[in-house]
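There are 2 protein chains.
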Amino acid sequence: MEVITTRHALREYAARHSQKIGFVPTMGYLHEGHLSLVERAKAQNEKVVVSIFVNPTQFNDPKDFEKYPVDEAHDKELLERAGVDLLFMPSRGNIFSEGNPTIRIQYPHLMDKLCGEKRAGHFEGVLLIVHNLFMWLNPARAYFGLKDYQQYLLVQKMARDLEFTTEIVGCPLLREKDGLAMSSRNVRLSSAGRQQAVGISQALFSSRSVFQETQSVRAAADALRQELAQFEVEYATLSNAETLETLEEGTPLPKKILIAVAVFVDGVRLIDNVLVVPHAISI
Amino acid sequence: MEVITTRHALREYAARHSQKIGFVPTMGYLHEGHLSLVERAKAQNEKVVVSIFVNPTQFNDPKDFEKYPVDEAHDKELLERAGVDLLFMPSRGNIFSEGNPTIRIQYPHLMDKLCGEKRAGHFEGVLLIVHNLFMWLNPARAYFGLKDYQQYLLVQKMARDLEFTTEIVGCPLLREKDGLAMSSRNVRLSSAGRQQAVGISQALFSSRSVFQETQSVRAAADALRQELAQFEVEYATLSNAETLETLEEGTPLPKKILIAVAVFVDGVRLIDNVLVVPHAISI
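Here the protein sequences line up with chains E and U, keeping their order. So for the first sequence, numbering that gives the first Met the number 0 puts the first residue at 0; every next one is plus one. So for the second sequence, numbering that gives the first Met the number 0 puts the first residue at 0; every next one is plus one.
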């Protein structure tokens, strides 16, 4: 596995392997979820490039940025074993050579919902770094986990609206055996917190079951909130999976529903979601 | 001169002439100002591509959009004569195939000033279309007139911050013999309006002279406003040419000052500007 650290070298690599690259952008501290993206990229492309960059512009809370776990040696070992061709691991100074840019790439009515509502600037930071990684690498395909569903949706729209030729591939989120969504942040949980966190996916699964049985948004939302009563909840909603508008009982159901939550356990912010397709409306 | 109308064909042309293209994006109804950009592009590049597209997303007033002058036959003749290699003249439906996108590319603290203050969404529209034209064509250089100084500044910053390899070349604005800045909109002026419009550049030149003599922002601003008393003025200010902040008397002078105005004559919005460099401060 080749390792490079400058955007200049990344452009050169892209020029040599034009239209053959599958790209997996990450913030490091890799787990099986990331490796499933790498596996998918390997199956679909001649070359697989992974980036590791903890992007300061997408953290609204500097403390959260500082606490983000890092283990470069272990990450390299995992990627080497997974057969990755190139690891791009830039320094912050190489990415933002003139300080954080003041440009903003925005979807005003998608970024103010769910994870965006309480994290001003988060998704602008995500889209800016993804935009520029795509400019340097120009991958044929890029892989994003559906655990960060809103991120996947925004990146997919940006790639289309800003005329990238990159295909955005959304990959299923992976869960631990007890259902907890895999996350680099799980390592920060205490033993008790880790136990409690199982309740997050259980609440999502219950809400989904209730919806599947009743086709009632209100019943599913009630079930979700009841099961999450033990948590400090940032949001817990049923939304239109395309517009991210919160669903209300009695209005027409969308093609796909996103049931999504963000909660705090031991002060660690954890997110999870499931997608559910309403019954077809009979004609 | 080849003429194409689809973004797909534009990408193909770009692939054949990679890194050899000088690009002049326009909204058509061409005058000598545009042709001076073409001339510069011809001198610096192997191929010159001009686009004509009256971009609806940058007009905040639909009436202004409808009234924007169009003369395709004359434009083609001028460009043919100027030795342009390719004219890109897309339909609106080819550019925004899924309706106007909701993505916004913004510089919040640059877009709310001068031409941006009263024209919500104008520069977002400009940056979006320029971004995508660059994505399709990937020119080595792109040429913008300094008459739209704020547009030039924003495009230049965007090209840098979003990692385009395109060099943005700012070209001097051209004036009629009596000093009126050349503009596609001048054709909409009545004979009396055309006479009156001479006062715009005169006011700018006076203000510049006053500043050069006094190095006083207040004196130059007063001169500007006095000379523009006969006009309906949208803005008339001395600004920091890099940040676009309005200058105030007594604060340190920037490296370069933009004296810029927007006025209405016969209901036609006309803009003009001059740049002036303050005397070096002795050490």
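Keep in mind the hints are simulated off the structure, nothing from the lab. Hints are not guaranteed to be accurate.
It does not matter which identical chain is used: a pair holds within one copy or between any two.
With a Cα cut of at most 20 Å, we get these calculated EDC-like pairs of lysine to aspartate or glutamate [stated by the list, open to error]:
1. Lys254 / Glu166
2. Lys254 / Glu97
3. Lys156 / Glu97
4. Lys66 / Asp111
| message | Run through the hints listed earlier and report the numbers of any the structure violates, in increasing order. | response | As far as the earlier hints go, 1, 4 are violated by this structure, in ascending order.
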